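*Asks:* These are the residues of each chain, in order.
Protein chains: 8
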Amino acid sequence: MALNVYLSGEIHTDWREEIMAGAAGLDVTFTAPVTDHAASDDCGVAILGAEPNKVWHDHKGAKVNAIRTRKAIADADVVVVRFGEMYRQWNAAFDAGYAAALGKSLIVLHGADHAHALKEVDAAALAVAEEPRQVVEILRYVLTGALPG
Amino acid sequence: MALNVYLSGEIHTDWREEIMAGAAGLDVTFTAPVTDHAASDDCGVAILGAEPNKVWHDHKGAKVNAIRTRKAIADADVVVVRFGEMYRQWNAAFDAGYAAALGKSLIVLHGADHAHALKEVDAAALAVAEEPRQVVEILRYVLTGALPG
Amino acid sequence: MALNVYLSGEIHTDWREEIMAGAAGLDVTFTAPVTDHAASDDCGVAILGAEPNKVWHDHKGAKVNAIRTRKAIADADVVVVRFGEMYRQWNAAFDAGYAAALGKSLIVLHGADHAHALKEVDAAALAVAEEPRQVVEILRYVLTGALPG
Amino acid sequence: MALNVYLSGEIHTDWREEIMAGAAGLDVTFTAPVTDHAASDDCGVAILGAEPNKVWHDHKGAKVNAIRTRKAIADADVVVVRFGEMYRQWNAAFDAGYAAALGKSLIVLHGADHAHALKEVDAAALAVAEEPRQVVEILRYVLTGALPG
Amino acid sequence: MALNVYLSGEIHTDWREEIMAGAAGLDVTFTAPVTDHAASDDCGVAILGAEPNKVWHDHKGAKVNAIRTRKAIADADVVVVRFGEMYRQWNAAFDAGYAAALGKSLIVLHGADHAHALKEVDAAALAVAEEPRQVVEILRYVLTGALPG
Amino acid sequence: MALNVYLSGEIHTDWREEIMAGAAGLDVTFTAPVTDHAASDDCGVAILGAEPNKVWHDHKGAKVNAIRTRKAIADADVVVVRFGEMYRQWNAAFDAGYAAALGKSLIVLHGADHAHALKEVDAAALAVAEEPRQVVEILRYVLTGALPG
Amino acid sequence: MALNVYLSGEIHTDWREEIMAGAAGLDVTFTAPVTDHAASDDCGVAILGAEPNKVWHDHKGAKVNAIRTRKAIADADVVVVRFGEMYRQWNAAFDAGYAAALGKSLIVLHGADHAHALKEVDAAALAVAEEPRQVVEILRYVLTGALPG
Amino acid sequence: MALNVYLSGEIHTDWREEIMAGAAGLDVTFTAPVTDHAASDDCGVAILGAEPNKVWHDHKGAKVNAIRTRKAIADADVVVVRFGEMYRQWNAAFDAGYAAALGKSLIVLHGADHAHALKEVDAAALAVAEEPRQVVEILRYVLTGALPG
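Residue numbers (my numbering), protein chains in the order written: chain R, 1033 to 1181; chain F, 1033 to 1181; chain U, 1033 to 1181; chain B, 1033 to 1181; chain X, 1033 to 1181; chain D, 1033 to 1181; chain V, 1033 to 1181; chain Z, 1033 to 1181.
For the record, the hints were derived by calculation from the structure and aren't laboratory data.
Each hint should be verified, as a subset may be incorrect.
What the hints assert, rightly or not - Straight-line Cα separation of at most 27 Å, DSSO-like style, residue types lysine-lysine; simulated pairs:
hint, chain 1, residue 1, chain 2, residue 2
1, Z, Lys-1086, F, Lys-1086
2, V, Lys-1086, D, Lys-1086
3, B, Lys-1086, X, Lys-1086
4, U, Lys-1086, R, Lys-1086
Stated by the list, open to error - Heads up, incomplete: computed chain U residues facing chain X, CB under 8 Å, no partners named:
hint, residue
5, Val-1060
6, Phe-1062
7, Thr-1063
8, Ala-1064
9, Ile-1105
10, Asp-1109
11, Leu-1134
12, Gln-1166
13, Glu-1169
14, Gly-1177
15, Pro-1180
To be verified - Anything over 10 Å on all C-beta distances counts as not near chain V; from chain X, calculated:
hint, residue
16, Ala-1094
17, Ala-1098
18, Leu-1150
19, Asp-1154
All figures in this text were calculated on a predicted structure; none of them were measured in a lab.
We treat Cβ as the ideally placed atom computed from N, Cα and C, and that holds for glycine.
Extracted from the complex, chain R is given alone in its bound form:
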């Protein structure tokens, strides 16, 4: 068994790198959104032409990014959604809902302080973790049956 894992959500910490490093040696393919914040915000107008109205500037970019994220979610066996400490992160919750409706195995990653606010998202998940290390341990167990320690 091999797993395709999409890493959605927070782009301001290195949680993705931590998971990918931890999973070295496992038969996992990782995908992620474009995590360069400026490129992600400006891709639409950089390629398809400037927009004076910020709403359409954002709209064009969000749609170009959707080409990547929809493909990544569609191909994923497991979708990990990370909620960090900053920003609204509605796109992370949107991805979680999108993945849930497609029947993907959902792992939610957040601090204990977000538990109440994320209870509907967590209720759709197969695992709720606080640390990237735990995601790695889940992937290892799922693929090999080996538990940590």
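With chain R's structure known, arrange chains F, U, B, X, D, V and Z on it following the hints.
*Replies:* Relative to chain R, chains F, U, B, X, D, V and Z alone:
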């Protein structure tokens, strides 16, 4: 043509009542989550037994509520998701993603100040409105072809 | 058996009325796009706010109209697509492709002079007719087994 | 991530070659309809036998071509539909509708003068481009996160 | 519970009438193909214009009939397919395969002498009966729990 | 909102009647398998002819019963699966898996002593109850928002 | 583009070998049912135990064969169904219906004398051929754009 | 043709090893749940944190295991479900129902004494075997057409 419309999101203002009153006379069936905040939070333990750990208290409740919300979204032609001024509202964004993945027509309702944070959600929508009145006008136009004024 | 029939395409002749009048007495529910050309073009900005750029003016309107057309096609058993003499009518061909992919029974209605240009669309159809009268005759036969004359 | 991209529409300019050349080095597999106009028109009768009636001549050919185009669209992650300056191009719009109904990421490629006539098609797209170069830039960004320039 | 039952296959005996009469009083809606052999053969050309080649004559008719049969199978909970003593009846076997792929509950009705030739069809069925009376008894049992006699 | 609820599992206690009586006045349609044990075991041979081998006797009956249970599960919004004290009840667990794969809202009803053995089934459920009364309370809450007491 | 082609139907002539030989060099994977008539008829009882009743003997075999044929059809892009001169061949028509309902590209292969009896099957096909050579020519054209001669 | 086979059910005998050894040389990929009973029971709390309540201990583990089993079933062409002599094995029956609803080819493996209790599960299967050797023979026949002996 008749429409089934699910009204998701904010539960602390009367935007649902405003839409339902405005749509009086149109062939629309509205559904909504349970909007009694206390009942919604406690339904799981009130029916299925107390939990000392708040996480499981919330978990039981979120799942019982999901029986209602999944049915409502599955039956909906149009899903309206309202983002208000308070709280994280991750469940609203989750519903939007869930509805988008099912191919539902999505209308997002929020103030202009949330436009950037909601750009991915808005990009999946067929309309982005600021006022409940506009949602009513969309429903009237979709059903009758009549424009406001 | 009852049929739900969506009448897509040309909005500048009375072919829809001709079909609906001819089908009086049959157990058919007809739906159609908004056929008021001005309202259809302007619905987005009339409800959701003006756009200085014609592209976004059109974009908002096309999406609001999609709420109606997607619902109508999704509910339809039969999709009739009429190609007239004027305009590009790419939305009609788009609807035909959309309906075909959903497995709807497709009836294409056009003059003989369009046959070569529409060969791919016609190849996906269960009937190709030249006159609205023939669509009525198909509906009557499908529902009652009675042939014309 | 690798992308499978179907290039639909206009067959009288070298836009496909321009995109394929520009995307050299990216992990993209391109497919296209048969772009030899004469072969495409005559394939049905050349293989399955002559037809005195041009309608059935075309019908046989359109269906044989559909074996290729349906496979290509079904396998595609991204469908690019090019509308050129000549002909009705209803098959291009049909492909766009077909792809949209299957949930494919749609990129529409056309000159600004077609914007109004294509507004319904564009509204279903994740990107609307005017130049093949922009399609290449989208594919590069989606796969690598790199913006042009 | 109510059942929608499509009665496919043989059109030269009164097995449909026997089932419908026997099921009087049960909450069953029956549908069937057009069983007037001449109308069924000629519907295409009678409505859409004559064809000198019998193959296209048949083709037009088979497609018009498909509007009815696909709708009927799509709406059915149970598809009963009757194989009689005469003719090739490939359309009956085609309907059985079509229904099986859609997950419909299949009941096959044929004499014992056809058992070997129909073994693949029967293997996809939930019941294999020899007499219309048995189909009625199945419908009565499924709806009411009552067994014959 | 109205709910269609399938009551699967144990047939030797009156839990179905308790739920149906408790839900009087709610907009719920209940379905159930045939609960007459003898009729359920013998329906296949009683209608379709005796079998000397008990395996085929059972096989014929199980398939006739599947016409009812598949229809009921397919139509259900909520599937309640009751595990009692007696018998293997593998058909109940099979129904639970079948319902889960179709995305139905699953409520499992069993005594605390079965919790460990049913952990995989419970993990797929939106509620795990011990008493029929709790199922009624869930249905009432889902439909009306009212909590018990 | 590569094609997966399932060759269904007649097992008493060498039409499969003719197609596979003709398609040498094309990127096609062929599958087929077990064409050893005796093995196909007896596989159920040979593996799972003898049955005194021929109906169950056949039933066991038909189901074991279905493991292969369902997999093959599910994986196929193109399903070729050959109707020969002998036997009822209901399983071929069943496969055609099954493939049609799954949206597979269907090619039917039969002599002109079967055209009327197969009109419903042919109406669901993208090509109707008389000779295996024509099937090869279609596959070559679909994959390479090259016409015969 | 290659087959992906999921081996579900009993974990206390070496039936999986017997099948895998017997199938050596066939083009089969086998998957299975984690069969280390202790690891399977404790994986949730070992990775995601201890739970004082056994119900939540089990719940966390069952969900982590579901990441593996859902992936395995989703990817499988054939699902073999083994019912042994010990334990309730409701998860095996749940897997069988889940696989059946997804249209997987189901092979059930159990002793004759379980036949009556498993009649609903067996009725959804394409083969019912008593010995692992028979499963190997089915796989060999499906892939190569060769019968035992």
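*Asks:* Each of the hints needs a verdict: does it hold here or not?
*Replies:* Do the hints match the structure? See the list:
Between the alpha carbons of Z:Lys-1086 and F:Lys-1086 the distance comes to roughly 16 Å, so the proposed pair stays at or under 27 Å and holds. With a C-alpha separation of about 16 Å, the suggested pairing of V:Lys-1086 with D:Lys-1086 holds against the 27 Å cut-off. Between the alpha carbons of B:Lys-1086 and X:Lys-1086 the distance comes to roughly 16 Å, so the proposed pair stays at or under 27 Å and holds. Between the alpha carbons of U:Lys-1086 and R:Lys-1086 the distance comes to roughly 16 Å, so the proposed pair stays at or under 27 Å and holds.
Interface restraint check for U:Val-1060: the shortest CB-CB distance to chain X comes to about 12 Å, outside 8 Å, so the restraint is violated. With a cut of 8 Å, the hint placing U:Phe-1062 at the interface with chain X is violated, because the nearest CB-to-CB distance is about 16 Å. Checking U:Thr-1063 against chain X: minimum C-beta separation of about 16 Å lies over 8 Å; hint violated. Restraint check, U:Ala-1064 versus chain X: the minimum CB separation of about 19 Å is more than 8 Å; hint violated.
Interface hint status for U:Ile-1105: violated, as the beta-carbon distance to the closest one in chain X is roughly 15 Å, over 8 Å. The interface hint given for U:Asp-1109 is met, as the beta carbon of that residue sits about 5 Å from the closest beta carbon of chain X, less than 8 Å. The closest approach between the C-beta of U:Leu-1134 and any C-beta of chain X is roughly 11 Å, which is over the 8 Å cut-off, so the hint fails. For U:Gln-1166, the suggested interface contact is upheld, since its CB lies about 6 Å from the closest CB of chain X, less than 8 Å.
For U:Glu-1169, the interface hint holds, the least distance from its beta-carbon to any beta-carbon of chain X being 5 Å, beneath 8 Å. Hint status for U:Gly-1177 relative to chain X: holds, with the closest Cβ pair at about 4 Å, below 8 Å. The beta carbon of U:Pro-1180 is positioned within 8 Å of a beta carbon in chain X (closest approach about 6 Å), and the interface hint is therefore held. Not every C-beta of chain V lies more than 10 Å from that of X:Ala-1094, the closest at about 4 Å, which undercuts listing it as non-interface.
Residue-level check failed: X:Ala-1098 sits 6 Å from the nearest beta carbon of chain V, not beyond 10 Å. Under the 10 Å C-beta cut-off, the non-interface status given to X:Leu-1150 relative to chain V is violated; the minimum distance is some 6 Å. Listed as a non-interface residue, X:Asp-1154 fails to keep its Cβ farther than 10 Å from every Cβ of chain V; the least gap is roughly 7 Å.
Comparing the model with each numbered hint stated earlier shows that hints 5, 6, 7, 8, 9, 11, 16, 17, 18, 19 do not hold.
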